[in-house]
Each structure stands twice: as C-alpha cells, then as structure tokens.
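Asker: Chain residues, written in single-letter form:
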Amino acid sequence: MQPILIRNLKRTFVIAPEWADTPFGALRAAPEIFGPEPAREAIGVERLGRHFRVRTALGGVLEGSMREVACRLDSAIQRQGLKAEAGALVVPAAILGQPGGGRIAFVGGRRTGKTWLSLLLIESGWRFEGDGWAIARSDGLVAAPRTIRVRDIPSNLSPEMRTRIESAPLLQEDVRENMRAVDPRRLAVDWTLRNGPVEALFFLELNPGGRDSVRALTPDEAFGRALALCQGDMSALSAALLRMAVTKPRAFRLRLGGPQRSVEIVTQALVPQRPSFDQGRI
Amino acid sequence: MTFEPATVYKKIEALDRTEVPDGYVIYDEPRQQVHFLNLTAAAVFELCDGRTDLNGIAAALQDAFDLSDPPIAEVEACVASLLSQGLIEHCSPSSSET
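Those sequence lines, one after another, are chains A and B. One gets the working numbering by counting positions in the first sequence from 1 and adding 9 to each. Residue 11 in the working numbering is what sits at position 24 of the second sequence, and the numbering runs on without skipping anything.
Think of the hints as simulated: they come from the structure by calculation, not from any bench. Please note: incorrect hints may appear among the correct ones.
[To be verified] Sample of chain A residues facing chain B (criterion: CB under 10 Å; computed from the structure):
1. 243
2. 252
3. 267
4. 280
[Said to hold, decoys possible] Per label pair, the in silico range of CB-to-CB distance:
5. A/273 / B/19: 50 to 56 Å
6. A/81 / B/25: 41 to 47 Å
7. B/18 / A/222: 18 to 24 Å
8. A/182 / B/72: 25 to 31 Å
9. B/-3 / A/96: 24 to 30 Å
10. B/25 / A/184: 51 to 57 Å
[Unchecked claim] Calculated Cβ distances over 12 Å to all of chain B for the following chain A residues:
11. 29
12. 30
13. 133
14. 223
For glycine and all other residues, C-beta sits at the position ideal for the given N, C-alpha and C.
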C-alpha cells in the first residue's frame, strides 16, 4: 500500500500506508503541481481504544472517532493551505481546462453547482484542476489541490461515471448526507495544477427549477462579485491582485436551473462572438 | 454639492493604495471598504495634493488628455464622489504650507 500523500501548494503531508483503507485514505490529494515538491511532513495517527488521536504537524492534536478526526484533519489542512497564502485573496471556485483550450474558472459559494458542473465537464473531456478554492496571484488564478467532494451526483451523468464516483472513499457519512472524496484520475482525467491566467470566468448562481441563463459581465461587475465572495488578508495589494485576475478574462453570470443543459450553455457562451453583418459593413 | 473654485483637497493619507493597469485599488481598512478608481479618477485623486484647486485640477486634465475645454463639471462630480467615499478631504491652503 502507498502512504497517504496530502499536498497543498506549499506543504506536503504524509500519513502511514496502514491507514489507507480507512477514512484517512479519503484525504489523499496528490495532483501534479508546478515547482518542486515540498519536504514531506509526517502526520501521526494513534489508536486509543475506540478513539483516535492525530498529531497534525500543524501544531495541534485532534481526538475523536476515526471519521470525525479525519474530517477535522481535512479541514485543518485546507485552512492551513489557505492561510499559507498570506497576502493573497482566495475565491470559492472550480478551475477546469477546455479540451485543447484554455482554463476556465467557475466561481460560486457553497451549493451553487461547482461540483456537479465539474463532473459533467470532466465527462465531456475537460481537464480538472480543482473545485474548492482558487488563489488570486499576480499571474492569475491557481486552484487549491483538493479532491472533488461529491455529495449529489448529477442525474444526467453516465452510469459508468456514477459507478466510478460511488466507488470513491467516503470522507463524511451520516444520516443527512454522504460526501465522497473523488480523485479526478478515478474518472480517467488528468489532475495537474497550472499557474497563470484563466480565459473566462463564470459566476455561478443556482436557480433550482428555474430557467438557465447566461449574461456577460463588465470587468467592474466581475470584480465586485469576486470581492463579495473572497476570503483572506484584505489589503490594497491583495485586492489589486484579485482585480487583475478577474478583470482580464471574459466574465459571465451563469444561472443554472439544473444540470441538464449546463455543459451546452457553458460551451455556447465560450464561442467567440462573430461580428454581425451590419457590424462588418463599412 | 456646490464648490468654491478656490477650495483645495488632499488625500486621506492613511489609505492603502496600489496601482493597477487600469487605475488604483484603494483599501480603507477602518471602514473595510475596497474602492477602484479608473485612470481619470486616479488622476483627480493624485491632484488632490493640498495645493491644487478645482480649476487647477481641470486645467491639468485638459492638458493631459488634450481636451478643448477644462472639464470643470466632470472634476466637480469626481471630487464630490471622492469626498463622499471618504478618500479625500477639504483642506485650507494655509494648513498645507505648514
């Protein structure tokens, strides 16, 4: 068995391989990331009768049931990864790459459809980078390395994809909902994080049962929306980095009534507008 | 808002600001507000130096942008906006000389 590697952009953690088939295995997140891999830092797991204790390598100790400790460790690692981006702002976003094309960011808070849109786009041949957070850096947006966290599987996903997702490890399991941690490579797609500009941004709004719609946003509207959603150390510099990251690409507001037509709508919006006959006439 | 042409304004010094290709991003930490100034507003903001009055600001913009007339009304509107956002303040000319 392989050790459990958990990467973020600046640190790499490792848990002993004996825990691979437990909820700790669901924390595995090892995409290809630009730059050298940071030194691995061990996270120790101890069994204390029916409970477990984890020394986090982040300066803390977590205790509880195995799944509880795994979930809290997952949150601690995510928080540490974002905190390490001092001086930068982060936005909740999925980043994917068009087949043979540029990177596209889908920005939206919880329950706006980032994950099921990511799954549908992957099924349509898109590359995956992340669907949790994106960090605004001077040269664009970088996805935080995290597996796809799937609560609801879109109804129009193929049976084969559904089966692959359902075989992924469960990170959270309770009476209200289950959450699986899906390594995108399980869905037969590459998982490489890239640095740099995105070609377009979609600000997602879920509109359950309503009509799908897409509307172009001005750069100032895109900046305003990104500011409303961002987290991190606010300063003129970090806000300026965010502005540069979100005002250069084309931006859209994407309101989705459901998953059925989402890929088609995104693809259509990305087709460059051709000048009309009148615009082309001299 | 009515303006006295001789009134001068100065930037609120405590503001954190960074230049971007299309203007300024300003963070007002006490109010936790982010402002974006386009290039024209950034130029007006820079000219709020405690010495240049509205006519002087308009003349500088006329010169910089090669305008036929000084953009007095536009400068007044921009200064009113900067004042209302708390980015500049009134300043008596004598106080800036001390």
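Asker: Mind verifying the non-interface call on residue 133 of chain A? Its CB should be farther than 12 Å from each CB in chain B.
Answerer: holds, 34 Å
Asker: Please check whether the beta-carbon of residue 223 of chain A is more than 12 Å away from every beta-carbon in chain B.
Answerer: Since the minimum Cβ distance to chain B is about 25 Å, residue 223 of chain A lies beyond 12 Å and the statement holds.
Asker: If you check the beta carbons of residue 182 of chain A and residue 72 of chain B, does the distance land in 25 to 31 Å?
Answerer: Distance hint for residue 182 of chain A, residue 72 of chain B is violated at roughly 50 Å.
Asker: For the range 50 to 56 Å, tell me whether the beta carbons of residue 273 of chain A and residue 19 of chain B fit it or not.
Answerer: At roughly 40 Å between Cβ atoms, residue 19 of chain B and residue 273 of chain A fall outside 50 to 56 Å, so the hint is violated.
Asker: For the pair residue -3 of chain B and residue 96 of chain A, does the Cβ-Cβ distance stay inside 24 to 30 Å?
Answerer: holds, 29 Å
Asker: Using Cβ atoms and 12 Å as the threshold, tell me whether residue 30 of chain A really stays out of contact range of chain B.
Answerer: Non-interface label stands for residue 30 of chain A: nearest chain B Cβ at 47 Å, farther than 12 Å.
Asker: Going by Cβ atoms only, is residue 267 of chain A closer than 10 Å to chain B?
Answerer: violated, 34 Å
Asker: Against chain B, run the beta carbon of residue 243 of chain A and see if the smallest gap drops under 10 Å.
Answerer: The hint holds - residue 243 of chain A has a Cβ within 10 Å of chain B, the shortest such distance being about 6 Å.
Asker: Given the hint of 41 to 47 Å, is the C-beta distance from residue 81 of chain A to residue 25 of chain B inside that range or not?
Answerer: holds, 46 Å
Asker: Return the status of the interface hint for residue 280 of chain A: holds when the least beta-carbon distance to chain B is below 10 Å, violated otherwise.
Answerer: violated, 26 Å
Asker: When you take the CB atoms of residue 18 of chain B and residue 222 of chain A, is the distance between them in 18 to 24 Å?
Answerer: violated, 34 Å
Asker: Hint check: is the beta carbon of residue 252 of chain A less than 10 Å from a beta carbon of chain B?
Answerer: With a minimum Cβ separation of about 6 Å from chain B (threshold 10 Å), the hint on residue 252 of chain A holds.
Violation of the numbered hints given earlier is confined to hints 3, 4, 5, 7, 8; the remaining hints are satisfied by the structure.
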